[in-house]
Amino acid sequence: MITNAIGRAVPEQIEGYGRVKPFAGAFNTPPDMKRAAPAVKMRRPGESKLHGSLEEVFRAIPVKDGMTVSFHHHFRNGDYVLNMVLDTAARLGIKDLTVAMTALFPVHKPLLDHIKNGVVTDITTNYMSGPVADAVTRGILKRPVIMRTHGGRHRAIECGELKIDVAFIAAPACDDYGNLNGVMGPAACGSLSYAMADAEYADHVVVLTDFLCDYPLSPVSISQTRVDYVVKVDAIGDPKGIVSGTIRSIKDPVQLRIAQMAANVIKASGLIREGLSFQTGAGGATLATAQYLSKMIEEAGVTASFSVGGTTSFIVNMLNRGLLRKILDVQDFEREPIESIGSNPNHLEVSVDEYANPFNSGCIVNRLDTVILGATEIDMDFNVNVTTGSSGLIMGGSGGHSDSAAGAKLTIIVANLLRGRLSTVVDKTLTVTTPGESVDVLVTERGIAVNPLRKDLLEKMKAAGLPVKEIGELKAEAEKLAGVPGKIKTGDRAVAAIEYRDGTIIDVVRQVLD
Amino acid sequence: MSSLKPSQAGTLESNDIVITVGLGSKGEGIVIEMQSTVFAQYGEQIRKVIEDTVKGQGIADIYIKAVDRGALDCTVRARTLTALSRAGVEIKEGQVWS
Amino acid sequence: MELRRTLMFVPGNSPAMLQNAGVLGADSIVFDLEDAVAPREKDAARFLVGGALRTVDYGSCEKIVRINPIDVSAEKDIAAIVPCRPDALLVPKVNCAEDIHQVVKWIEASEAPGQKEVKIVALIETPLGISNCYSIAKAHPRIVAMALGAEDYTAYLGTQRSDGPEIYMARTMIVNAAAAAGIQSVDTPFTDVLDDEGLVKDIAFAKKLGFKGKIVINPRHVDAVHQGFSPSAAEIEWAHRVVAVIKLAEDQGTGAISLDGKMIDKPIVERAERLLQLAKVLGLEGGQS
Numbered sequence: 003m004i005t006n007a008i009g010r011a012v013p014e015q016i017e018g019y020g021r022v023k024p025f026a027g028a029f030n031t032p033p034d035m036k037r038a039a040p041a042v043k044m045r046r047p048g049e050s051k052l053h054g055s056l057e058e059v060f061r062a063i064p065v066k067d068g069m070t071v072s073f074h075h076h077f078r079n080g081d082y083v084l085n086m087v088l089d090t091a092a093r094l095g096i097k098d099l100t101v102a103m104t105a106l107f108p109v110h111k112p113l114l115d116h117i118k119n120g121v122v123t124d125i126t127t128n129y130m131s132g133p134v135a136d137a138v139t140r141g142i143l144k145r146p147v148i149m150r151t152h153g154g155r156h157r158a159i160e161c162g163e164l165k166i167d168v169a170f171i172a173a174p175a176c177d178d179y180g181n182l183n184g185v186m187g188p189a190a191c192g193s194l195s196y197a198m199a200d201a202e203y204a205d206h207v208v209v210l211t212d213f214l215c216d217y218p219l220s221p222v223s224i225s226q227t228r229v230d231y232v233v234k235v236d237a238i239g240d241p242k243g244i245v246s247g248t249i250r251s252i253k254d255p256v257q258l259r260i261a262q263m264a265a266n267v268i269k270a271s272g273l274i275r276e277g278l279s280f281q282t283g284a285g286g287a288t289l290a291t292a293q294y295l296s297k298m299i300e301e302a303g304v305t306a307s308f309s310v311g312g313t314t315s316f317i318v319n320m321l322n323r324g325l326l327r328k329i330l331d332v333q334d335f336e337r338e339p340i341e342s343i344g345s346n347p348n349h350l351e352v353s354v355d356e357y358a359n360p361f362n363s364g365c366i367v368n369r370l371d372t373v374i375l376g377a378t379e380i381d382m383d384f385n386v387n388v389t390t391g392s393s394g395l396i397m398g399g400s401g402g403h404s405d406s407a408a409g410a411k412l413t414i415i416v417a418n419l420l421r422g423r424l425s426t427v428v429d430k431t432l433t434v435t436t437p438g439e440s441v442d443v444l445v446t447e448r449g450i451a452v453n454p455l456r457k458d459l460l461e462k463m464k465a466a467g468l469p470v471k472e473i474g475e476l477k478a479e480a481e482k483l484a485g486v487p488g489k490i491k492t493g494d495r496a497v498a499a500i501e502y503r504d505g506t507i508i509d510v511v512r513q514v515l516d
Numbered sequence: 145m146s147s148l149k150p151s152q153a154g155t156l157e158s159n160d161i162v163i164t165v166g167l168g169s170k171g172e173g174i175v176i177e178m179q180s181t182v183f184a185q186y187g188e189q190i191r192k193v194i195e196d197t198v199k200g201q202g203i204a205d206i207y208i209k210a211v212d213r214g215a216l217d218c219t220v221r222a223r224t225l226t227a228l229s230r231a232g233v234e235i236k237e238g239q240v241w242s
Numbered sequence: 025m026e027l028r029r030t031l032m033f034v035p036g037n038s039p040a041m042l043q044n045a046g047v048l049g050a051d052s053i054v055f056d057l058e059d060a061v062a063p064r065e066k067d068a069a070r071f072l073v074g075g076a077l078r079t080v081d082y083g084s085c086e087k088i089v090r091i092n093p094i095d096v097s098a099e100k101d102i103a104a105i106v107p108c109r110p111d112a113l114l115v116p117k118v119n120c121a122e123d124i125h126q127v128v129k130w131i132e133a134s135e136a137p138g139q140k141e142v143k144i145v146a147l148i149e150t151p152l153g154i155s156n157c158y159s160i161a162k163a164h165p166r167i168v169a170m171a172l173g174a175e176d177y178t179a180y181l182g183t184q185r186s187d188g189p190e191i192y193m194a195r196t197m198i199v200n201a202a203a204a205a206g207i208q209s210v211d212t213p214f215t216d217v218l219d220d221e222g223l224v225k226d227i228a229f230a231k232k233l234g235f236k237g238k239i240v241i242n243p244r245h246v247d248a249v250h251q252g253f254s255p256s257a258a259e260i261e262w263a264h265r266v267v268a269v270i271k272l273a274e275d276q277g278t279g280a281i282s283l284d285g286k287m288i289d290k291p292i293v294e295r296a297e298r299l300l301q302l303a304k305v306l307g308l309e310g311g312q313s
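Protein chains in written order, with my numbering: chain A, 3 to 516; chain B, 145 to 242; chain C, 25 to 313.
You may find that some hints are simply not true.
Said to hold, decoys possible - Taking lysine-lysine pairs in the DSS-like style, the calculated list, with each CA pair at most 27 Å apart, reads:
#1 A:Lys482 <-> C:Lys140
#2 C:Lys100 <-> A:Lys471
#3 C:Lys87 <-> B:Lys236
#4 B:Lys192 <-> A:Lys482
#5 C:Lys100 <-> A:Lys462
#6 B:Lys192 <-> B:Lys209
#7 A:Lys464 <-> C:Lys304
#8 B:Lys199 <-> C:Lys100
#9 A:Lys491 <-> B:Lys209
#10 C:Lys231 <-> A:Lys297
#11 A:Lys253 <-> C:Lys225
#12 A:Lys144 <-> A:Lys491
#13 A:Lys165 <-> A:Lys51
#14 C:Lys304 <-> A:Lys471
#15 A:Lys430 <-> A:Lys23
#16 A:Lys43 <-> A:Lys165
#17 A:Lys482 <-> B:Lys199
#18 C:Lys100 <-> A:Lys253
#19 A:Lys118 <-> A:Lys165
#20 A:Lys165 <-> A:Lys144
#21 A:Lys269 <-> C:Lys100
#22 A:Lys23 <-> A:Lys144
#23 C:Lys140 <-> B:Lys236
#24 B:Lys209 <-> B:Lys236
To be verified - Short derived list, chain A residues pointing at chain B, Cβ under 7 Å:
#25 Gly485
#26 Gly488
#27 Ile490
The hints are simulated quantities; they were obtained by calculation from the structure and are not laboratory data.
Beta carbons: idealized from backbone N, C-alpha and C, even for Gly.
Using the sequences and the hints, build the whole thing.
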């Protein structure tokens, strides 16, 4: 064990992963390698890419024991492709696969059977929730799951650390030569960001579609030049799981209170000005913050330059009303943004490389003024856990959390101080996902806390009359109401390693024993 | 306390707790069966609050089932008192709140 | 000065809402034992509200409990709640001064020696209560405010709530009686949660009539009500000018004083001073203070 820069004990070596570089600070481990590259390919005129079945493609590649197969999660809990591919692998008797899926959801429960029968032995992902996450935390895999950030996954692929043998890309629309997009067809999902690195760097690229179009398809998100196989299947995803319908506006008065305060923090920091850039999420208080922020932008008579990240209809509405100049989109949650990205030239699909990769010549999050993020736990050093829940089970992961936090000038965490009886503010988070050095302000229903590293902000918040408290005071307030919580007991074995965006290990998740 | 009748109080909403009072056998003491969404963090505390509340009413033998959804101590106490009162205990308020 | 711009209702049998009631910004929280609690849960709500009052820190919020009507279970509610030290009781369906006398007797029977006196807010929601509202307002020094409950009132009248004419008289009667008795008047809640524009209009109208605050049944209305019942920048400026003009007149020993062509007399000076005091409490001063 070695202790990293935020005081977490991490192993020196992880089986199947290699030597651990301990986290040394958000920007203290610069790259020292060349970009990795897959083999150069050729196609002769007249050759067809279209195949009748997945099995045919498996044999043509051929897919072998021990390979790494990759997937993307734009269909979220409506995804059919991962289960379909692994069922095929199981039928063909393939073993020891590593699944590199950008995020795993409850719909991927059949993966557990493929782990039990040896088809899958390793997982790497940026987020997981549901039965697979539970089983992983209880120790179903021999080796730890490697959990990355969205930007960090791209980096790992580009630096040759995550080598993908076969990428399976779910394409809402595709022609027979592999040009594809996410905006057409019954399973339209909008942006296809998360699949782009896989298409660029995998040895073999397989596209599954249920909406085969005439050649040449337009618009094109991923081009024929990177696609080797196209398979038509009955359905690649359940539209109901892809599009959450219209995300309902937040009614919970406590969350609204938090959101309003978060917007006031942005205002107090002086960022409501011409050209403001921001990122907000789709859930709870972060979504509501966007609504208050939008009102402030309108009242100030300024225009925001861009919004980045997952996109909601609310953000599209800001674009359409002229409050926002561009949307830089990696993922869409509703029908409106899917339609907008397909039709509005100011609504742009960007790759994860452009969005959040820390090791290129500059990614979009570096240009963010402010990002509003959530937290399951936050500690006295402002370290944030969005990976494990109150029982120690994995129920999330960074996704873009650490990336945007590192990039933005003002990173705001919005969270209920008390969720039920549990305090969000704790002495030490069970797991660290995002380091405290990239978190600036915590906003709760019982006041806000400013990271002591940001004395400049503290002055501004006080000057604006916001209810500023020490983070320790918030913890004490929570404990006064709820009592001091007992510690949850975990085993010693690491079931997941949390890789920071730069490829260092920031923490590990320990096994939950029942 | 042979005059107690089975009773219940509380709901399964977040921050609440359902307390069910059953008949305890003489000499078996205070038996508490418990489930909680925050068992790891607050299981012992919830048990203690229920036990203290029951003892505060001078009850020695009772069976209580608690299904907790993250209730604060004051809620655990209030629901226990309600269930006891509905079971037929005449509540002595003075010994209840410290 | 006690601020009662918002009296925010919280259902008495909901632990989650009792836990968070203090963070929603209201001046006063009203823990409701009456309409928000089902008849067979009244006992549970009494224990729950009592426990919350004794253990949860509600900061600077005033803690008010709405008990059940006098002819229902007010006595039981008072006996259970008063020892838990609420700041005030909201007494529903007050019809006459005798109702208040009865409630005061029950409160006195339950108050511990040395306990901070439990105040009364009278909720007027019957035609008889409206007819008697001045005598109710004057019934006892414990009464600090009088509020209108228009839903029940219009039902008793045999009409329906509309855009306001049916409760106009009740509103002005209450404002007048409260002003005459030197207590605060609190307006009936705005009940349409989807009509933000209507809310703002309703608040502005209530303020114009002379109400000092409003009952709030949706926490999302708190900010709008506070905004409506707080002095505007123009009002504060006007008040500063009134005070300045008076001071000048006093210094020079002038008799009749006017500002912008209007006579400034004692009630106007008092209103200006009250306004400035309120602005000071709310941290809204500025200008020449």
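Verification of the hints:
no.: 1; hint: A:Lys482 <-> C:Lys140; in the structure: holds (24 Å)
no.: 2; hint: C:Lys100 <-> A:Lys471; in the structure: violated (41 Å)
no.: 3; hint: C:Lys87 <-> B:Lys236; in the structure: holds (24 Å)
no.: 4; hint: B:Lys192 <-> A:Lys482; in the structure: holds (17 Å)
no.: 5; hint: C:Lys100 <-> A:Lys462; in the structure: violated (51 Å)
no.: 6; hint: B:Lys192 <-> B:Lys209; in the structure: holds (14 Å)
no.: 7; hint: A:Lys464 <-> C:Lys304; in the structure: holds (19 Å)
no.: 8; hint: B:Lys199 <-> C:Lys100; in the structure: holds (24 Å)
no.: 9; hint: A:Lys491 <-> B:Lys209; in the structure: holds (25 Å)
no.: 10; hint: C:Lys231 <-> A:Lys297; in the structure: holds (26 Å)
no.: 11; hint: A:Lys253 <-> C:Lys225; in the structure: holds (22 Å)
no.: 12; hint: A:Lys144 <-> A:Lys491; in the structure: holds (21 Å)
no.: 13; hint: A:Lys165 <-> A:Lys51; in the structure: holds (23 Å)
no.: 14; hint: C:Lys304 <-> A:Lys471; in the structure: holds (23 Å)
no.: 15; hint: A:Lys430 <-> A:Lys23; in the structure: holds (22 Å)
no.: 16; hint: A:Lys43 <-> A:Lys165; in the structure: holds (17 Å)
no.: 17; hint: A:Lys482 <-> B:Lys199; in the structure: holds (24 Å)
no.: 18; hint: C:Lys100 <-> A:Lys253; in the structure: violated (35 Å)
no.: 19; hint: A:Lys118 <-> A:Lys165; in the structure: holds (24 Å)
no.: 20; hint: A:Lys165 <-> A:Lys144; in the structure: holds (20 Å)
no.: 21; hint: A:Lys269 <-> C:Lys100; in the structure: violated (50 Å)
no.: 22; hint: A:Lys23 <-> A:Lys144; in the structure: holds (21 Å)
no.: 23; hint: C:Lys140 <-> B:Lys236; in the structure: holds (23 Å)
no.: 24; hint: B:Lys209 <-> B:Lys236; in the structure: holds (22 Å)
no.: 25; hint: Gly485; in the structure: holds (5 Å)
no.: 26; hint: Gly488; in the structure: holds (5 Å)
no.: 27; hint: Ile490; in the structure: holds (4 Å)
In the structure shown, a violation is registered for the earlier hints numbered 2, 5, 18 and 21, in ascending order.
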